[in-house]
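2 protein chains.
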Amino acid sequence: MQLNKVYKLVQQDLLKVEEQFRLLVDSQHGVFPELHSMLDQIIIGGKVIRPTLTLLAGKFYKYDLNSLLPMATASELLHIATLVHDDAVDKASIRRGRPTINNIWGSERAIILGDYLFAKAGEFAADTNNLRVVRLFAQTLGTISRAELRQGFSAFNLEQTFDDYIERIAGKTAALFAMATESGAVLSQAPEKAIERLKEFGYNLGIAFQIVDDILDFVSTEGEMGKPVGSDLIQGTITLPSLLLLKRYPESNPVKRLFDQESDKQRYVEQAIEMICNSDIIDECYRVASAYKIKACDNLDLLSDSPSRKALFALADYVVQRNR
Amino acid sequence: MQLNKVYKLVQQDLLKVEEQFRLLVDSQHGVFPELHSMLDQIIIGGKVIRPTLTLLAGKFYKYDLNSLLPMATASELLHIATLVHDDAVDKASIRRGRPTINNIWGSERAIILGDYLFAKAGEFAADTNNLRVVRLFAQTLGTISRAELRQGFSAFNLEQTFDDYIERIAGKTAALFAMATESGAVLSQAPEKAIERLKEFGYNLGIAFQIVDDILDFVSTEGEMGKPVGSDLIQGTITLPSLLLLKRYPESNPVKRLFDQESDKQRYVEQAIEMICNSDIIDECYRVASAYKIKACDNLDLLSDSPSRKALFALADYVVQRNR
Chain A
603 MQLNKVYKLV QQDLLKVEEQ FRLLVDSQHG VFPELHSMLD QIIIGGKVIR PTLTLLAGKF
663 YKYDLNSLLP MATASELLHI ATLVHDDAVD KASIRRGRPT INNIWGSERA IILGDYLFAK
723 AGEFAADTNN LRVVRLFAQT LGTISRAELR QGFSAFNLEQ TFDDYIERIA GKTAALFAMA
783 TESGAVLSQA PEKAIERLKE FGYNLGIAFQ IVDDILDFVS TEGEMGKPVG SDLIQGTITL
843 PSLLLLKRYP ESNPVKRLFD QESDKQRYVE QAIEMICNSD IIDECYRVAS AYKIKACDNL
903 DLLSDSPSRK ALFALADYVV QRNR
Chain B
603 MQLNKVYKLV QQDLLKVEEQ FRLLVDSQHG VFPELHSMLD QIIIGGKVIR PTLTLLAGKF
663 YKYDLNSLLP MATASELLHI ATLVHDDAVD KASIRRGRPT INNIWGSERA IILGDYLFAK
723 AGEFAADTNN LRVVRLFAQT LGTISRAELR QGFSAFNLEQ TFDDYIERIA GKTAALFAMA
783 TESGAVLSQA PEKAIERLKE FGYNLGIAFQ IVDDILDFVS TEGEMGKPVG SDLIQGTITL
843 PSLLLLKRYP ESNPVKRLFD QESDKQRYVE QAIEMICNSD IIDECYRVAS AYKIKACDNL
903 DLLSDSPSRK ALFALADYVV QRNR
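Sequence order for the protein chains is A and B. First residue of the first sequence? That's 603 in our numbering, and the numbers climb one at a time after it. First residue of the second sequence? That's 603 in our numbering, and the numbers climb one at a time after it.
One thing to keep in mind: the hints can contain errors.
Same chains, same label: a pair holds when it works inside one copy or across any pair of copies.
[Stated by the list, open to error] In silico DSBU-like pairs for lysine-lysine, Cα to Cα no more than 35 Å straight-line:
#: 1; residue 1: Lys867; residue 2: Lys607
#: 2; residue 1: Lys664; residue 2: Lys829
#: 3; residue 1: Lys867; residue 2: Lys610
#: 4; residue 1: Lys618; residue 2: Lys897
#: 5; residue 1: Lys858; residue 2: Lys618
#: 6; residue 1: Lys693; residue 2: Lys829
#: 7; residue 1: Lys618; residue 2: Lys849
#: 8; residue 1: Lys912; residue 2: Lys867
#: 9; residue 1: Lys664; residue 2: Lys849
#: 10; residue 1: Lys849; residue 2: Lys607
#: 11; residue 1: Lys693; residue 2: Lys867
#: 12; residue 1: Lys610; residue 2: Lys849
#: 13; residue 1: Lys858; residue 2: Lys795
#: 14; residue 1: Lys867; residue 2: Lys618
#: 15; residue 1: Lys849; residue 2: Lys795
#: 16; residue 1: Lys912; residue 2: Lys693
#: 17; residue 1: Lys829; residue 2: Lys795
#: 18; residue 1: Lys867; residue 2: Lys897
#: 19; residue 1: Lys693; residue 2: Lys858
#: 20; residue 1: Lys858; residue 2: Lys607
#: 21; residue 1: Lys693; residue 2: Lys795
#: 22; residue 1: Lys858; residue 2: Lys664
#: 23; residue 1: Lys897; residue 2: Lys649
#: 24; residue 1: Lys664; residue 2: Lys867
Hints were generated in silico from the structure; no laboratory data involved.
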């Protein structure tokens, strides 16, 4: 399995990231039982791609675990915090195969738990003792939330272009991938040129990752994804597959009908899924994702050949090949 | 008017804080119209007590506007962000006499706007270039959200003590007041002892401020408060006045009935307000608030007599005398 090869190089340190999470959860044990349960529910079972990126990006120059460990932890916690809020916004009931926080405790608690996680992530970022990285952390949260707002305000709007889509996923996903690699590079005292390349690697990989996520929302199963299929369309979010479908059938299109009407939503979603899966749209989406993956990897040319560079290549392969 | 005397000393710099807000709002003009409207709706008309505290606390030693200005801005933005989320949690429809973000745009947008404001506040905090202050900022957000969670989980629970109440408002309000003064002291290179005293001043003033807020929720009018009277009880939040009422009438009490039943809520709220206002409970609450105010001011003994110390005394007086 590809991913094992990726993780191997940083496995020991990823365990330390997990230990940080465990300490955070345990800190509330017997002190604030509800918060303990909420943290225990959410800080588990992710693919930990973002901390892996931070640690691997930190391997090219002076690997400084004292600062890389808190930043890797901050990257994943920031991601988790945004998921908690996203699920509250989308009223999602399941994530990673488990009930969401808003499902169990209501969206009011999910709002505040997300804030708490942002704060903890911010504390970890501050523990790097590196102001540049702290500033990057805050800017990234700003970029993510601005893109999420954009997505919300453009929901059920059919007048969206490919560039709009890329801009949206750049903010929503690629910014955090870019933060993960850039911070790893900064904290390992990489020269500016290498920082820029590793940041660009993260950015382009993030775009590829989100395109694949958006593909999986159409072609995967709930069992594999850990969340319902077609959920983007239900939310009124146009992603690359539905964008291409609209382009091919501008007149009569289930996405149009779905966005126009209140009833029969599920039927139109299923129609859209079927039309997309029976066309070459998915192939085209994968071609776009692969192009971004290649663009990502091109940025690694400048860096010395090393186990960590190989691991980043392998991670890039995984990102476009994964099925969950 | 008391407050004018307080503001006078830092008026020029408070205008600069407002200018930062204006720039933030204007940055979205014509770029992201919906975000521009949301920011324009929310970043206005507060009492700017927190930035005033930061600036005044920064006056005792080396007043460094380059770092105090971003931190004063961060203090107020952090406050505004928490209000946006609080209103979404409480489904509040009016704040400062204006419709809330969730009222106009829905709670989904309010969640993400709050996140955006946290991020911007964090960026301002990072602009101080002071890691200690950045860490304090993140810790304070953690303290606030943890206390808000506590409040949520203890809603409609009658088994609450005075100590529970103080612990809750310490996290919810006093932590941010303490951050405001402590950061001002740190950024002006105050000695540790003075930092500690200014932090304690902020903390105790924050407790006094919240007690008065909780009093006003019973004795004020919607016109003065800019939000409905009795809203805490409706949310199931026990504050000092209702805590004392429960203590005096442990058996038959409108608060108990309100928390026990689904219907007739408004009637029991009105009964509780009437009973509280017709007793000496409000006087007792003011005595508690004044005790915290005095405790706050005692901390200023160590500091040299100066216009800024006078202004902090005046601000403390205002906090317990205000009617909105």
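Results for each hint:
1. Lys867 / Lys607: Classified as neither; 42 Å inside a copy, 61 Å across copies.
2. Lys664 / Lys829: neither (40 Å within a copy, 55 Å between copies)
3. Lys867 / Lys610: Result: close neither inside a copy nor across copies, 45 Å intra and 60 Å inter.
4. Lys618 / Lys897: within (31 Å within a copy, 44 Å between copies)
5. Lys858 / Lys618: neither (48 Å within a copy, 48 Å between copies)
6. Lys693 / Lys829: Classified as both; 12 Å inside a copy, 28 Å across copies.
7. Lys618 / Lys849: Close neither inside one copy (47 Å) nor across copies (49 Å); limit 35 Å.
8. Lys912 / Lys867: Cα proximity of Lys912 and Lys867: none, with 45 Å in one copy and 65 Å across.
9. Lys664 / Lys849: Close neither inside one copy (49 Å) nor across copies (62 Å); limit 35 Å.
10. Lys849 / Lys607: So Lys849 and Lys607 fail the 35 Å test inside a copy (39 Å) and across (64 Å) alike.
11. Lys693 / Lys867: So Lys693 and Lys867 pass the 35 Å test inside a copy (16 Å) and across (28 Å) alike.
12. Lys610 / Lys849: Neither: 43 Å inside a chain and 61 Å across chains, both beyond 35 Å.
13. Lys858 / Lys795: Answer is neither: 46 Å inside a copy and 66 Å across each miss the 35 Å cutoff.
14. Lys867 / Lys618: neither (45 Å within a copy, 51 Å between copies)
15. Lys849 / Lys795: neither (39 Å within a copy, 67 Å between copies)
16. Lys912 / Lys693: neither (40 Å within a copy, 51 Å between copies)
17. Lys829 / Lys795: neither (40 Å within a copy, 54 Å between copies)
18. Lys867 / Lys897: Close neither inside one copy (37 Å) nor across copies (61 Å); limit 35 Å.
19. Lys693 / Lys858: both (23 Å within a copy, 32 Å between copies)
20. Lys858 / Lys607: Close neither inside one copy (43 Å) nor across copies (61 Å); limit 35 Å.
21. Lys693 / Lys795: neither (42 Å within a copy, 49 Å between copies)
22. Lys858 / Lys664: neither (53 Å within a copy, 63 Å between copies)
23. Lys897 / Lys649: Within one copy, since 23 Å is at most 35 Å while 50 Å is not.
24. Lys664 / Lys867: Neither, since 54 Å and 63 Å both go past 35 Å.
Hint check: violations occur at hints 1, 2, 3, 5, 7, 8, 9, 10, 12, 13, 14, 15, 16, 17, 18, 20, 21, 22, 24; the rest are consistent with the structure.
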